[in-house]
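J.: Residue-level listing of the chains:
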Amino acid sequence: NAGVTQTPKFQVLKTGQSMTLQCAQDMNHEYMSWYRQDPGMGLRLIHYSVGAGITDQGEVPNGYNVSRSTTEDFPLRLLSAAPSQTSVYFCASIRFSSEQNTEAFFGQGTRLTVV
Amino acid sequence: KNQVEQSPQSLIILEGKNCTLQCNYTVSPFSNLRWYKQDTGRGPVSLTIMTFSENTKSNGRYTATLDADTKQSSLHITASQLSDSASYICVVCWTGFQKLVFGTGTRLLVSP
Chain A
426 NAGVTQTPKF QVLKTGQSMT LQCAQDMNHE YMSWYRQDPG MGLRLIHYSV
476 GAGITDQGEV PNGYNVSRST TEDFPLRLLS AAPSQTSVYF CASIRFSSEQ
526 NTEAFFGQGT RLTVV
Chain B
579 KNQVEQSPQS LIILEGKNCT LQCNYTVSPF SNLRWYKQDT GRGPVSLTIM
629 TFSENTKSNG RYTATLDADT KQSSLHITAS QLSDSASYIC VVCWTGFQKL
679 VFGTGTRLLV SP
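Residue numbers (the working numbering), protein chains in the order written: chain A, 426 to 540; chain B, 579 to 690.
Isolated chain A, as found in the complex (with noise of 0.2 Å):
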């Protein structure tokens, strides 16, 4: 039962360096998004995809890129990192359903730091 995995748990980035930060889920789920989370502000969406070949912006975009080539995937790029982008990032499966089922199902997280 994998569910969702993200790599990786932990990252160090120097200012203007890009990486990507990797997500899978075996679940068959249409619907992933991608969120940071800061204290005090809660999850806030960054990008989402409905589907392979359609992503989304969410609240705060910017300096972030995704792509959806299959439906197992959803990878999340960082252009240029800066300061601003130290934060916690999780990668959610959504199971858009029936009432009682939608439900979204989350990565173990990445820290990054950008110095």
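Hints listed in this document are in silico derivations from the structure and should not be mistaken for laboratory results. Fair warning: there could be bad hints in the mix.
Computed spacing ranges between beta-carbons, pair by pair [unchecked claim]:
no.	chain 1	residue 1	chain 2	residue 2	range
1	A	Q442	B	K635	42 to 48 Å
2	A	K439	B	K635	43 to 49 Å
3	B	H654	A	M452	27 to 33 Å
4	A	D498	B	S588	20 to 26 Å
5	A	Q442	B	A657	47 to 53 Å
6	B	P607	A	T432	25 to 31 Å
7	B	D645	A	S492	41 to 47 Å
8	B	S631	A	G465	19 to 25 Å
9	B	G594	A	P500	43 to 49 Å
10	A	R520	B	G594	35 to 41 Å
11	A	M452	B	Q587	31 to 37 Å
12	B	S606	A	K439	43 to 49 Å
Since this is a predicted model, take the numbers as computed values, not measurements. The beta-carbon is built from N, C-alpha and C at its ideal position, and this holds for glycine as well.
Go by the hints and put chain B onto chain A.
T.: Same frame as chain A, now just chain B:
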């Protein structure tokens, strides 16, 4: 604007005591409301789900209530344990738009 507000922001209780966490939302219409538990360094995990027609649902020592008229939900933890120390996040599903609206969470610390 659809919002979910939680209170208190943080809470410290002694082991064995009960506590209640609050969630007020303005999301309408909504499909369901879930309470998630997030342990330190982990992703959130669902505890309970409430639909529009439900008032109370229990999961062991956790009991969630929902008042759809006042748009309020609560999570009651009975006989708290050290392992209950975590953040508890209220999440409302926004019907028709496939969107989840997150509260900012309540950080609970259970002290021995």
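J.: Each of the hints needs a verdict: does it hold here or not?
T.: These are the hints, each one checked on the structure:
{"no.": "1", "hint": "A:Q442 / B:K635: 42 to 48 Å", "in the structure": "holds (46 Å)"}
{"no.": "2", "hint": "A:K439 / B:K635: 43 to 49 Å", "in the structure": "holds (48 Å)"}
{"no.": "3", "hint": "B:H654 / A:M452: 27 to 33 Å", "in the structure": "holds (30 Å)"}
{"no.": "4", "hint": "A:D498 / B:S588: 20 to 26 Å", "in the structure": "violated (36 Å)"}
{"no.": "5", "hint": "A:Q442 / B:A657: 47 to 53 Å", "in the structure": "holds (48 Å)"}
{"no.": "6", "hint": "B:P607 / A:T432: 25 to 31 Å", "in the structure": "violated (37 Å)"}
{"no.": "7", "hint": "B:D645 / A:S492: 41 to 47 Å", "in the structure": "holds (42 Å)"}
{"no.": "8", "hint": "B:S631 / A:G465: 19 to 25 Å", "in the structure": "violated (34 Å)"}
{"no.": "9", "hint": "B:G594 / A:P500: 43 to 49 Å", "in the structure": "holds (45 Å)"}
{"no.": "10", "hint": "A:R520 / B:G594: 35 to 41 Å", "in the structure": "holds (36 Å)"}
{"no.": "11", "hint": "A:M452 / B:Q587: 31 to 37 Å", "in the structure": "holds (33 Å)"}
{"no.": "12", "hint": "B:S606 / A:K439: 43 to 49 Å", "in the structure": "holds (45 Å)"}
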